[in-house]
Amino acid sequence: MNVTIFLLALFDGVSYAALVFIVALGLTLIFGVMRILNVAHGSLYAIGAYATVSLTGFALSMGAAPILAFPLMLISAVLVGLLIGGPIEVLLLRRIYNKPEVLQLLVTFAVFMILEDVQRLVWGTQPYFQSAVLQSLGNITVLGVTYTVYQLILLPLVAVALLLGLRFFLRHTLNGKLILATTEDREAAQSIGIDADRVFLLTFIVGAILAGLGGALASPTTSILPGMGADMIVLSFAVVATAGLGQIEGAALTALMIGLGRSFAIYFWPEIAVLVPYLIMVLVLLVRPEGLFGSPAARKI
Amino acid sequence: MLQLKSLDASIGIIPILRGVDISLQAAETVALIGRNGAGKTTVLRTIMGFTKVTRGEILFEGAPVTALHPPKRPALGIGYAPEDRRLFSAFTVEENILLPAQAAGLDKGETRRRLERAYHILPELKAMTDRPGGAVSGGQGKMVALARALMLGTKLIMLDEPFQGLAPALAQRYAEALRTLRDTDRSVTLIITESNPALLRGFADRTLVIERGEVAAGTLDAERTPA
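Protein chains in written order, with the UniProt record's numbering: chain A, 1 to 301; chain B, 1 to 227.
A hint or two may mislead.
Said to hold, decoys possible - Computed cross-link-like contacts, DSSO-like style, restricted to lysine-lysine with a CA-CA straight-line distance of at most 30 Å:
no.: 1; chain 1: A; residue 1: Lys99; chain 2: B; residue 2: Lys72
no.: 2; chain 1: B; residue 1: Lys52; chain 2: A; residue 2: Lys99
no.: 3; chain 1: B; residue 1: Lys126; chain 2: B; residue 2: Lys155
no.: 4; chain 1: B; residue 1: Lys72; chain 2: B; residue 2: Lys108
no.: 5; chain 1: B; residue 1: Lys72; chain 2: B; residue 2: Lys155
no.: 6; chain 1: B; residue 1: Lys108; chain 2: B; residue 2: Lys5
These are computed hints drawn from the structure, not numbers from a lab.
Taking the hints into account, I'd like the entire structure generated from these sequences.
What follows is the structure, given as structure tokens:
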């Protein structure tokens, strides 16, 4: 195997896995706590990307330095979480927690369809591309392979930081503890004074911010165009299902598996590249229907 | 201090309680006796706000709480230990006990003071503070659940079948802990459900009997005397 191609596939896979993981993290957090599979998560990802491109484009046209894109990414993600995620939870999901899963799935799918058209309405159908920030961090050369620092170092670092940060948040902060308690037993949590409604809202907003952040971070590396949300929800669902729904650490590993599997397929067997994530998912679920790290009953997150 | 006035309550669409009238005085200990399925747990869950009240009202210290958001009720001074313990397995024993105080936003000093009170009443818990909540035995779990209820239960403590499934030695200990609670805190109101009236004899000031969702006062007195 040619070392250069091997390295390229490796780097592609790692940087892609980092992005997918960030999105999957929000999806699996929401599922773990609220038992809702949020199909609209893909739209939040896409809108995070669109918002970043618009904000960055505006800032650059005002003469701002490209490095300013980083705070704008964060702002976009938080806006997506608060302005879109918040209302989705309060106005829709809150009414259906005790309803059958099929209905919950249909409702979040409906939100996804609505938001897809909202994107076309606001941003049109032509692709956007805004990669100034990608170049601002420069390149790095490893064994003769040149790659952007943004994709090879920053994205994986952010992904790992978010994983550790979320773990810390859940285990060591009061809000995290309230989330864990509500996840385990909603009524018992309420009977010691935990406001489960507030906990669910907080969880959904955090999850939505992660989706938006995934989109914001992806925006310099890809064309922003209709349909990107659909691609991402399917892929991040594959990651989450392979790991076991609600498994935060597991999702990191399966994101890496699926990211690397996909990128190596692109270089060595391109015909099946799009299939690889789902092949991995199917193979894992055939052997372990509860996912690699899921246990049939036990803990949820 | 707590009044349920001609209360009807249902779970989902199934009516459980019918015309329940209960009035608790401050500082009294009341036994709520009834067979399995009679509605004991539903009375407590209704006071906590987990059922649908279709008629009547609940007054706590004179103020209506019938429609009060359930998670706001513990902060009124109500501690509740559900029948099946329901500890949080992700946390240690001490974290389980502390959580209500943290959720209520009590300051460090007050939390400490209440934790000391709980440990004073249940000193055996001090030996297992770091054990995971999911790894204690059923009986120990009941003690932890009592300690957890003590953290916010400054006015009213509701214990749902606390003796259910306890080994005799542990049941003795539990009853002892309740006596210590009574001795250290004369103002708190206690309501304890039980299917076996003999267990609370001599401890409760008053016995209420619940039968098919309806409450009658002290009608078990006749059964009380022999055994």
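* Asked: For which of the previously enumerated hints does the structure constitute a violation, in increasing order of number?
  -> The structure breaks only hint 6.
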